[in-house]
Amino acid sequence: MSFEESPAASGPQIVDDVPAGGRPILDMRDVAITFTTGSGSLHAVRKADLTIMPGETVAIVGESGSGKSTTALAAIGLLPGNGRVSAGQILLDGEDVAHAPERRMIELRGNTIGMVPQDPMSNLNPVWRIGYQVRETLRANGRPDGPADVARVLAEAGLPDAQRRARQYPHEFSGGMRQRALIAIALSCSPKLLIADEPTSALDVTVQRRILDHLETMTSELGTSVLLITHDLGLAAERADKVVVMYRGRVVESGPSLELLRNPLHPYTQRLVAKAPSLASRRIQVAKEAGLESGELLTPSAEAVEKAAEKAEATTAEAIEAEEVPAAAVPEAPSDDVLVIEDLTKVFRLRTGLGRGTDFTAVDGVSFRVQRGTTTALVGESGSGKSTVAQMVLQLLAPTSGRIVFDGIDTAGLDRRQLFAFRRRVQPIFQDPYGSLDPMYNIYRTIEEPLRTHRIGDRATRELKVRELLDQVALPQSAMQRYPNELSGGQRQRVAVARALALDPEVIICDEAVSALDVLVQAQVLNLLAELQERLGLTYLFITHDLAVVRQIADHVCVMEKGRLVETGTTDRVFDSPEKDYTRALLDAIPGGKLLLPPEVL
Amino acid sequence: MKPERTEGHYVAPLEETALEATDTLRVEEAPLSLWADAWRKLRRRPLFIVSSIMILALIFIALFPGVFTQVPPNNECLLANSEAGPREGHPFGFTFQGCDLFSRVIHGTQASLSVGILAVLCVLVIGVTFGALAGYYGGWLDAVLARLGDIFFALPLILGALVITQLPFFRENKSVWTVVVVIAMLAWPQMARITRGAVIEVRNADFVTAARSLGVSRFGALMRHVLPNALAPVIVLATLELGVFIVTEATLSFLGIGVPESVMSWGHDIAAAQVSIRTNPMILIYPSIALSLCVLSFIMLGDALRDALDPKSRER
Amino acid sequence: MIRYIVRRLLQVIPVFLGTTLLVYFMVFALPGDPIAALFGDRQPPQSVIDALRAQYNLDQPFIVQYGIFLKNLFTLNLGVDFTQQPIAATLARIFPVTAMLAVEALAIQAIFGVAFGLVAGLRRGKLFDSTVLVASLVVIAVPTFVLGFVFQLVFGVYLGWAKPTVGAQAGWGDLLLPAVVLGLVSFAYVLRLTRASVTENMNADYVRTATAKGLSRPRVVLAHILRNSMIPVVTYLGANLGGLMGGAIVTEGIFNVPGVGNKLYQATLRGEGPTIVAIVSILVLVFVLANLLVDLLYAWLDPRIRYEA
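Sequences listed follow chains A, B and C, in order.
Heads up: the first sequence runs through residues 18 to 619, numbered per the working numbering.
Heads up: the second sequence runs through residues 107 to 422, numbered per the working numbering.
Heads up: the third sequence runs through residues 18 to 326, numbered per the working numbering.
It is worth saying that the hints were derived from the structure and are not from the lab.
There could be a bad hint or two in this list.
Stated by the list, open to error - If you anchor each label on the Cβ, the simulated ranges turn out as follows:
no., chain 1, residue 1, chain 2, residue 2, range
1, C, Arg-20, B, Ile-159, 52 to 58 Å
2, C, Ala-185, B, Asn-310, 38 to 44 Å
3, A, Thr-53, B, Arg-149, 19 to 25 Å
4, B, Gly-303, A, Asn-99, 26 to 32 Å
5, A, Ser-56, B, Gly-303, 47 to 53 Å
6, B, Ala-142, A, Glu-112, 49 to 55 Å
As the list claims (entries may be wrong) - A few chain B residues that don't get close to chain C, going by computed Cβ distances all over 12 Å:
no., residue
7, Arg-149
8, Cys-183
9, Gly-195
10, Ala-267
11, Phe-275
12, Arg-277
13, Met-291
14, Ala-377
15, Ala-379
Claimed, not checked - Okay, derived cross-link-like pairs now, DMTMM-like style, lysine to aspartate or glutamate, Cα gap no bigger than 20 Å in a straight line:
no., chain 1, residue 1, chain 2, residue 2
16, C, Lys-143, B, Glu-122
17, A, Lys-64, B, Glu-122
18, A, Lys-209, A, Glu-124
19, A, Lys-64, B, Asp-143
In this text, a Cβ means the ideal position worked out from N, Cα and C, and glycines have one as well.
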């Protein structure tokens, strides 16, 4: 079975003795790339130097907009129409291709230089069978292109039952299978250099790891050099011999992977090393193995817990007055579980035809508790049902069965008025900072909306409150008149946090709240969330697929797989001694886990 | 060649690659709402400038035809003037019936514009309501409205109009309004479809869920968040349809089933000019040019709006 | 695929029933004597009125009337027109002419529209593109009947390249001028749609990947950009068949083409209600079936559609 873990090439070796006589397969010298836009020229990349020797894997690391993809696209001659190489040389196997005619590039593409793109969903043409898309590649590069050749190419990339698969369309493939097909296509004509542009960042972590392992095996067998583009320093260090760090269009630092991690010289690299979740998670692990105390920051201080309890009492008292909640509802459990989920199940009915349908159990008998003032992470891959749980907790989706008890009250029995009051106390923050703010509302209206909806205060006090909230999330008050499209992803997410805080809630459900952000911005938002928790005694339910982040912020972890809860426990317990194979597989998939680094280096 | 490039550890000079604060807010530009941004883009497009000037002129002509011609369009038609060429005070000459052509062309503006605008308003009301409800609530409502739309959709505009105008009610009460009703009846499904599609695209956006979970009611979220964000394609279609409906009115009048003979319409003029096509084609050409320019101005405006409101052109 | 076809077929039935019911209801179920109303102030011969009464079974309950109307429609028992000619026989004679006209117009708009649109899309922002864009707006803005007269005048009368009117014996060549007129507006729409969709697909990820595989430019353009751009164009062509029918009424009227549109045009001028209803019902049937065909073509072009629930 090809979906088993392929034996990965053991950890990267530090290549400190490159054969002096070898000619680099790719040598970029002082390259500048300029885009012509309506408002003038944009220098996307400047003074970029990059060398890849035969058989070597080099990673470019950087945040979005750093120019890392642009640099790689220039090497294969695929810059967008308004972009051009404005200075420098790009030597591909000794030949300068920076200004090569398109005809020459067509000859080179496929058999000298290939590319595995980022998003497997959009990179296969939906109207052609997979086999056809492999065959046209073989044919264009003058390779044998019979059905057997097509099947062989697909099978080599680890697609089982390749002959049948070749006759299917892309939409019949899962994301991981599509990426395998794309790898098959890119390597089908044995190129000397493969550009892999974030090849797995759109995939689930466990799939990610298997595919990267397979890619590594294949390229080392073929002797192909790889230019890996990634935003994850941990992943880069684990997979590449050399790492090139790019920042705002400049190469700020480059060198052998481990050397770079041990001894980052540029402040940007230093920050990346400090903040990358995969490395931070690894660092905690290493520190623990070394018997060091590391978790102090991770649990809220005693003070914060106290504050949370006070606040809870106050609001519960209020709630009693306002809602005439039965007295029995006052803190029933001394453990102070603000949220108790019991045997929660959600069954969706999928229509398959006229009047027929099949049941799909998205969430299957899930139970867990969330303690006041702490952070609980609900972890799982896509399709695990974690977001469905979040929707039900937010009362946006009715459970099929099971109970959600919030602060001692079963939410199933809430009437309209009580539900309205509930919404004041439980607020969400969503994943996509581009989709979670109404583009028609300016920042002031966005943050004010919850206040207006709940008829809190008058115009003046509301404005005061909005200003206060902007302060809390460290945004200037001048942002009030801005519109979401004028803000960056991290800033939008701060606005979303401010909106969630407007009603002074007790629980915040973060649905992949930082997944779409760049590493440093992500770290900033996570810090902000931790700070707010400490100050306001907030409780977080953190829905995420990213275990590295979980390690940094969560007190408790619940691992979900295919709608079921497979493991729960404190973060340290789950990370140190996972009980279930699935949890172990997830933990193993965190990039950088194989890095053998003594703690003092980190 | 720099020795550290091919081997070892390279660091860029710090003074060239100074670290900027993570995620700072750029404040040099004035805040821009979506509409303000679209307006700024529109203002510079020649297509938009030309079409708006044309439309404003057309509206002015429709409201105050007396400013342009004192000659009444209908009476004072002398058969002696039949197909006569242009002369002092009658720049376009005379029709087959001996009426002043310039006056008829000027007065025809009103019928075209009023039918177009009224029909678009009706289509907007029906189509947006149905489309938004179907798209937002889904379920059986969507199914019923979709089938209903399919039924009307299967009746092509001109064919349907042929049948409807044969009905006694419509035959006896021919007016601008009957034409408006006929067009609105047959053309709303298109608008409903576009609205439905746009609403479906927005309804699952996180900002709608966020609004719902902070206590905004389901209907409130539709009105406050979903609809405003679904309006761009609706506005574009409405503008384009204005042009299409003006063509439809003229076509129906040309076929003799549009506005009554007593109402000035370019369609009537063109139909009446058929007899003169070989002797004096200008009688046909003038109202044709007027009609085409009128339609062109709305089509151009729609095209300019489509470019300006396209969310893809707004990426940051 | 088979399931998709069956599902589409099942969806067509209620649409057809609903639309014919709508037409029938409007004409026959409103108060008043529908036969008298159909003719307005004109008086057809008594024998025509008698034939119509028998044809439409006006003494039966409404639903029975509608059933018989449907049965008549499917058995092509469409009654007689003013001159007591059976409408079905007339239709059988004139339908092929209209079909020829429609095929010619469709071919013109599809072939030229896609070709021009493709070139314009590939050269976005260049001179060809902007010229074609402005020209297409003008073409869209000129109504078909205006275009008909202008072409008749210029190509028929002044230049003498084609017969200004077609007349009784209509061949492919005779129909070329009316077909150009009929197809021109849609040609402009097809062009713009193709251009828009080519521009969009050119920036699609899979096109970049296809280039990165080493495919030649013509291959990328044909197999990936053009092939995928055909999907919205086919949808438009299907939805626009109705517009083509409406345009055929005007075009056949102007060029005196002995087709269905002309017959409808004449019937409209003379106020022959029953003939209009019969022909429109048949055309609705044709329209619905043609759209079904387009849907199948669509499913062939876009494999994703076949699997949608």
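Hint check results:
At roughly 55 Å, the beta-carbon separation of C:Arg-20 and B:Ile-159 lies within the given 52 to 58 Å, and the hint holds. At roughly 59 Å, the beta-carbon separation of C:Ala-185 and B:Asn-310 lies outside the given 38 to 44 Å, and the hint is violated. Here the CB-CB span from A:Thr-53 to B:Arg-149 is close to 23 Å, well matched to the stated 19 to 25 Å. Range check, B:Gly-303 to A:Asn-99: Cβ separation about 31 Å, and the 26 to 32 Å hint holds.
In this structure, A:Ser-56 and B:Gly-303 break the distance hint of 47 to 53 Å, their C-beta atoms being roughly 33 Å apart. The given range of 49 to 55 Å is respected by B:Ala-142 and A:Glu-112, whose C-beta atoms sit roughly 50 Å from each other. Every C-beta of chain C lies more than 12 Å from that of B:Arg-149, the closest at about 20 Å, which supports listing it as non-interface. Non-interface status of B:Cys-183 relative to chain C is upheld: no Cβ of that chain comes within 12 Å, the nearest being about 22 Å off.
At the 12 Å boundary, the C-beta of B:Gly-195 stays outside the reach of chain C, the nearest C-beta of that chain being 27 Å off. Residue-level check failed: B:Ala-267 sits 8 Å from the nearest beta carbon of chain C, not beyond 12 Å. A cut-off of 12 Å between C-beta atoms contradicts the statement that B:Phe-275 is not in contact with chain C; the least separation is 7 Å. Listed as a non-interface residue, B:Arg-277 fails to keep its Cβ farther than 12 Å from every Cβ of chain C; the least gap is roughly 6 Å.
The claim that B:Met-291 is not at the interface with chain C is violated, since a C-beta of that chain comes within 12 Å of its own (minimum 10 Å). The Cβ of B:Ala-377 does not lie farther than 12 Å from every Cβ of chain C; its closest approach is about 8 Å, which violates its non-interface assignment. With a closest Cβ-Cβ approach of about 8 Å to chain C, B:Ala-379 is found to fall inside the 12 Å limit, against its non-interface label. A distance of roughly 39 Å separates the Cα atoms of C:Lys-143 and B:Glu-122; the hinted pair therefore is violated under the 20 Å criterion.
Between A:Lys-64 and B:Glu-122 the CA atoms are separated by roughly 11 Å; this keeps the pair inside 20 Å, and the hint holds. For the hint pairing A:Lys-209 with A:Glu-124, the CA-to-CA distance comes to about 13 Å; that is within 20 Å, so the pair holds. About 35 Å separates the Cα atoms of A:Lys-64 and B:Asp-143, which puts this hinted pair outside 20 Å; it is violated.
Figure legend: structure checked against the earlier numbered hints; hints not met, in rising order: 2, 5, 10, 11, 12, 13, 14, 15, 16 and 19.
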